[in-house]
Every structure is written in C-alpha cells, then in structure tokens.
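*Asks:* Model the placement of chain P on the given structure of chain E, informed by the hints.
Taken in order, these protein sequences are the chains called E and P. Residue 1 is where the first sequence starts when you use our numbering, and the numbers rise one by one after that. Residue 1001 is where the second sequence starts when you use our numbering, and the numbers rise one by one after that.
Keep in mind the hints are simulated off the structure, nothing from the lab. Computed from a prediction, not measured in an experiment: that's the story for all the values here. Hints are supplied without guarantee of correctness; some may be wrong.
Dumping the calculated DSS-like pairs for lysine-lysine here, alpha-carbon to alpha-carbon at most 30 Å [as the list claims (entries may be wrong)]:
| # | chain 1 | residue 1 | chain 2 | residue 2 |
| --- | --- | --- | --- | --- |
| 1 | E | LYS363 | P | LYS1157 |
| 2 | P | LYS1412 | P | LYS1257 |
| 3 | E | LYS315 | P | LYS1257 |
Number of protein chains: 2
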Amino acid sequence: MSKLVESIKKAVELVELKDGMTISFHHHMRNGDFVLNMVMEAIAELGIKDLTVNASSVFDVHEPIIGHIKNGVVTGIECNYMGAKVGKAICEGIMEKPVVFRTHGGRPSDMEKGTSVIDVAFIAAPTADDMGNCTGKVGKSACGSMGYAFADAMNAKKVVVITDNLVQYPLNDFSISEVYVDYVVAVDQIGDPKGIVSGTTKITRDPVGLKMASYAAKVIDASGLLKDGFSFQTGAGGATLATAKYVQDMMLERGIKGSYGMGGITKYMVEMLNNGCFQALLDVQCFDLDAVESIRSNPRHMEVSATHYAGVSGKSAGVDNLDVVLLGATQVDVDFNVNVHTDSNGYIMGGSGGHSDTAAGSKLAIIIAPLSRARLPLVVDRCLCTTTPGSTIDVVVTQRGIAVNTKYGKNKELKEKLIAAKLPVCEIEDLKAMAEELCGVPKAVKLTDKVVANILYRDGTLLDTIKAVK
Amino acid sequence: MSKLVESIKKAVELVELKDGMTISFHHHMRNGDFVLNMVMEAIAELGIKDLTVNASSVFDVHEPIIGHIKNGVVTGIECNYMGAKVGKAICEGIMEKPVVFRTHGGRPSDMEKGTSVIDVAFIAAPTADDMGNCTGKVGKSACGSMGYAFADAMNAKKVVVITDNLVQYPLNDFSISEVYVDYVVAVDQIGDPKGIVSGTTKITRDPVGLKMASYAAKVIDASGLLKDGFSFQTGAGGATLATAKYVQDMMLERGIKGSYGMGGITKYMVEMLNNGCFQALLDVQCFDLDAVESIRSNPRHMEVSATHYAGVSGKSAGVDNLDVVLLGATQVDVDFNVNVHTDSNGYIMGGSGGHSDTAAGSKLAIIIAPLSRARLPLVVDRCLCTTTPGSTIDVVVTQRGIAVNTKYGKNKELKEKLIAAKLPVCEIEDLKAMAEELCGVPKAVKLTDKVVANILYRDGTLLDTIKAVK
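Chain E with its partners taken away, still in its complex shape:
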C-alpha cells in the first residue's frame, strides 16, 4: 500500500476538489514557501474556481495569489497574518468577500469546533514517507516545528502531504501521523529554507530600540514575575530580542530557573534554554535555522500544535500558564487596544498571529514599540482596527515613557511597583501627547465603506473590520 501520487495535479483530482471548496495551507516555510503557489497553479490549470484559501499566514512570496483572485480561482482568503504585498491588493478592494482574520489559537479551535471547515489541506512537509507520516525536523527544507499544520491534518476532510524528501516507510520521529493523510506527492523543492528567516530576527543596535528594551526588561523585573518557574514569550523583532537578552542576563546573574519559553522560536530563546534559563521550549514554529537545529537535536525543545500553544478548544494551552509576553504594535489607542493588522495608513501588513492569544493568556502582556514611526504616532485616539482588546494588555513601553493599563480595574499594584522602580511611568494619554508633539496630529486616513476584512477574536466572535482604503 502506498499513497504516493505522481503530481500535485493528480492529487487535486484524486481528492475531488470542486468549485466553492475551502483548501488550507500552513506557513512554516514562511517567506520561503513554494507549496501554496505550486498548488494554486495546479488548481488554476485544472480550471477549478471560487475557492477559499485558509492559510495560517500569507507572505509576500504568495503574491501570485493576487492573480488567482483576479481570475476567479480564489474568492476567499482566511489567515492569521497577511504580508504587505497581498495586504495592499486586498485593501484596494480586489476581492468581493472580506478576508477572515483569525488568531493562531482561534484558527485550529474554529476547525475543532466545526465552525471552520477545510475540504482539503495541503501540508508542506520537509520529510515524509509514502504513507504520509511527516516531519519538519529533517530534510533539505527543514523548517523545524510544524505546529500550525496539526489542526489542518486532523480536521480537513482530505489531506495531501507535499514533500521534497521522501524516505522509506516508516519515517522515524514523525510529527503528523499517516492516519490523517490521503495522498503524498514528491516534488523537487517545497521551499527555500533561507526564507524561514524573514522579518527581523536580530537584536537591535538602534539606541531607541535598546532604550525600549531596557525599560521592558526593568518592567519584567519590577513586576515580581521574574523568579523560579518564570515563563516567557517574545517575538522576533529587534527590540523584543534585546529585551530577551537583558532578561537572560538577569536570570543567569540571579540563578533563576524558569519553566518554559514559548512561541515562534529564535536562536535567542534556544540560547536561554541551553543556558538553563528554561527547562523547556514549546515551539509552534521556528523563526530561524538555529531553532530548527535545536528542535531536531534537543528533546527539551518540543514541538507543540497550535491548539496546545494557544487554542481555546482544548482543555488548556501553553498561553494559559504564560507569565510574560512581549508584543509589538503599529498602533495603540487610549483604551490600550492594539493594531498589528494595518499600518497607520490603513493598509494590511500583518495580523494577530499569536498576539491576542498570548495577551489574553499571560499574566503580563507588554507592548514594546517606538513612540512614532515614519512621523506617524504610535498612540492614537482610536486604532484603525483592533487586533487585541485593550482589556488584555497590561503595559505599553516606549523609549520615552511607560503606560500601565489600569483602565479595566487591574494593574494598580503593578503601577506602584514600576513607579517604585523609578521607571518613567506615565498615562497612555501622555504617550499620545508626546507622540503628537514629535509628529504632529496625523491626518485622518480616508477609508471607504467596503469591508475588506473581518477580524475574528480567538473565540470566533467578530472583533473588528478593516475597510478598503480610498
């Protein structure tokens, strides 16, 4: 018995993909992914139309999807993150149906609850056997964790594994089991592993970034959470990575034994694991090749599914025990709502990812961002859209001041602690004033009435919408 078929086109025929269906993809190859484009090309050649593409993230490399929207192959997109190239086209109104944005935890949970139905999942697998057992840990296109793909594999009606490293059955140390897989296709190349390292994944050298990082580290210290059992998530931005470095220094100096680091994992988190700051990493995706090497070789660096990472459909998730998360923002408003979906001009260039999941789950959710970017202020009266509700955000750290969110009846004690630590605590309105002093009050962005995206919160409810730019 073998599930190997000779081409993607053949697999698409065998799964009986029809007009109007929903197909899914995961994004562990990030901006190096070839699979989404290859599959869409095969589908377009077969003349199938009116598809919804549910991809955990859409990167700039997926720009060809714009063509598929224009010719009617794709009429719907659902994702947790969308890069600026496709985002701009969406904001110009090229698609009739609004994009559905979810969170990294909400996406698998909506599949598990049955509110998001996937007809066919296409799994980019760096290594697989001919029955569909597969892993991201080894192979020439190794991406490490395949955490986001678990829900697709487990919930889609049909599953096609696409690999560029077909090995003899049974694959050792599989991540996704053959029990979920219908067909396997071997191709020359599923992606460019260099593309995995996309976005900023180096510690900033910019003095503004270092200032913010220093403040953020002091906030964590003053919070009282930095003690044995400490758990931590940080992103891949330059200032957040610098914060992680400062946090590591404090942990090593004081001999603090943390419990776990989580999230998209970078080499900086791997270093913390190896230096004994954590007993484990919970890895839903690898942000760089050092993380890929670590998850392959260190059993304390564990792959977790997106549900295990941040879902709401399971009995618990990693985010539920998280102490501190460091998050970015393009806009924060005076109610502490955060926007990471659009830039300040209203164009989509991001998405929640795990932003609102970790903010909701963690004890201390810190936004770290410069007071202004390109002469546009960080803090505004009202975000162009809300990615993460203000009620789940605790502190906003900028290079000029730190606002503690006491607007929802919490964090009064935290505010006192930060003041006692002589940190530059101020009100969110003060940050807004400082930013406007730097940049002036920005002109209102002109939007049309056309809704181009619906933002679903992690529980599946509608949180906000994004409108087309005029």
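*Replies:* This is chain P only, laid out in the frame that chain E set:
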C-alpha cells in the same frame, strides 16, 4: 493555573460522573495496574451505580470488578481482552448486559466514529505535570508506550490523569497533551511495573514449541516475503518468540534490512531493531521492561496510537503495510476461523487484542499453536466463537503439520511454495484428524441460551456471541 486535585474521589466529583455513564481505562500497566481498582473503589464509595467500564483490557488483577458488578456499580463491560478470572465470572452469567468485545483497532475507531461514547477517561500516567501533559516513558512505574490511551484522551468528554510521578510543568517529551486533560491526581503508586511482564515473554524451550517455531520460520522464508523492507509482528508467546529468533537469524545471515516491527513489543523485537533487522519499531504497548527502556532511549523505537497501529477510522494504519504476523489460537475450525476469546470449555480467557486487525491487514497471517492442549484438540469443526474470520488467516502451523488456507480463493501459490520447501503441508481437516487421534473427539461444551458477550469485528459489526456455560 493548575488541574491538580487532591484525590480520585474529588476528580470523580468534579467531572460530574453520574449513574449510567461510561468510563474508560487503558491497560499499559497490564497485570500490575492499580488504577482501575482505585477508581472503581472511589466511585463505589460515592454511591454511583450502573456504570459501563470500557477498558482496553481487563486483567486478573482487576478481579475486584466482580464485586462491583454484584453490587450494581458496574452493569456493563467493554474491552478487547479479558483475563480468565473475570472471564469465568462473566461466563457464569453474573452480569445482565453482555460484555462488548472489540479489537485494538476497532476500539479507538468506534470512539472516533462516535459509536462508542466515553463520558470520563481515567489515564494511568507514569509521569505527568499538573496540566496533564503525560508520558509512560519515565517514572518509577514506567510502562513505555501509552498507545491505547490516545483515543480515550482525544475522544472522552472528560479526562482525568492519574500519576505517581508529578513533575514540574511543562513535562518534556509528553505523549498525551494537556489539551485533552481536565484534571490531574497524584497518588502513591499507579501500579507494579513488574506486572507489565505478564504472560509468556520468554522463548520456549519446549521441543514441541521449537518444532512449531522452526516450521513457522520456514513458512515465512518460503513465502518470499523475507527480503529488504520486511515488516513483522509477533506476540509474546514462547513459540512465536522462538520464531522471531529464527527469523532474526535468517535476516542477519542474509543481510536483510527490514522496515518495521510492530505490536506489543518485547525485548526480542528490540534486539532485532538494535541488530539492524528493522529501521523502526511501531510500539502500541510494551510487553517487558527492556522494551520500556528502549522506547525511552531509542528514537527509532516509536510510540504509536492504537489508531495508528491498527485502526480503521484513520486514512491508514501500521497493519495495512504489515508483511507477516504470527498469532496464537485456542481453537481453529475447518473454515480457518480462529478463537482466542474462550478456552475449549467455553470460558472467556482472552480476546482479540490486535489478532483480527493484524490478520486482516497483513499479507501473511500465520497461526502457530500446538495440535492439542490438555487433551483438547486445536482444530475443531466449529469454533466456540469466532475472534478472527477464517478469510483473513493464511496458514496454520502445528508441530505435526501445516495447513494452508486456500478456501477463500487465495494462497494457491503459497501452498505450492511450502510444498516445494518440503514443509509438512496438509489440509486443515488432516490436522483435525491428527488432533482427534491424540485427544479423542471432545465432548460438546454445554452452553445456555444466555448471551454473555458480543464480539464486534474491527469495523464495529457483530461478528459472534459468547454464551454462558451451563
């Protein structure tokens, strides 16, 4: 956040167990298991009645369940295997409702299809953290694989993990994830690891057994399946283990590189893995402590779920690619149907386990059994009950002759190969005659009309019934 509660009784209250519900257990602690008895005692003390117990296997250690049946706490049992002590009581008619027997593959698949609903699963976990991540690989009561427990964890409405080795969150190298677990209870001891080694798990020294083993090995050799890529399952009986030894010798002598060994795993299969006869072991349960040590330390020795091992609800299972399986029998009839549920007197003392799953999936299913036991013949006109349909059995090997099953339009070529190999090939009727010559024709077993057990085939259909003994 923590899911730890102070006692089993408290967990039973928190999951709101009610009269009439179904609870489940897995059997990796085998005849050393304490958990089923502890839980039933707590439930009995709470005065809950009319429960159905779905345990992947019921061993002699679970004899106290007889008391719970008599006092109305337990009114239904579902399992894949039942030891002689409880089996005898069932055959004496102590329970109103018939026992439901499934197979190791059918049990998880019936859960996944929704035809077997579990209200509360109790998972005996040799190591767990307070959120429910758990594993059988480490801990003082380490049992190795927890393969049968996956379906319970993933499909039960509520899940309680019971451990005697609670570790700091997050547990490294977990098998079952916290996403499935509601509560965790820490107890002194979940079982006696010595009890894992139950039943025969040593190579036979008996000349009859060695004769059968030698024939079985020659059948495998003559079949043409013993070549690179060979896959193999064997049980833990003395003669089957001797066969495995002979097969290993041939593989090493000829430099044959097999693909995988599967099933309940013994030290003999581990030895074959370590000697390069297999590239991997797919382990759904460990039969001895050498297997436990191997699954802990050798990544090529892989834990698989029961669905992955033998299910019919997944897209494929390990059994689907199996070349050869060696199976036992208490009775074989002239249509090659096999009974491993009852002894020749009609008393339950076993069950399918993976018997009918592997027979159905494998290319060559070999029954290996002595022509008679305790003056009762192996081959009979009609089995007291059918565990495994004759259509899925290929060869019956005894110490006096080998019957090839050509009754279902298959195996003609195989029969010629065995004759060419000068093996003592005969008809199944010849084996019956030989057995009767040794033992005489046995008296008919006297059964009542009362059905005490229904045997479900792996697809969930009714295969046969077992009636109370007079």
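*Asks:* Does each hint fit the structure? Answer for all of them.
*Replies:* Structure-based check of each hint:
Distance restraint check for LYS363 of chain E and LYS1157 of chain P: the Cα-Cα separation of roughly 29 Å lies within the 30 Å cut-off, and the hinted pair is therefore satisfied. Of the supplied pair hints, the one linking LYS1412 of chain P and LYS1257 of chain P holds, its CA atoms being roughly 28 Å apart against a limit of 30 Å. Straight-line distance between C-alpha atoms of LYS315 of chain E and LYS1257 of chain P comes to about 43 Å, which puts the hinted pair past the 30 Å bound.
Violated hint: 3 only; the structure is consistent with all others.
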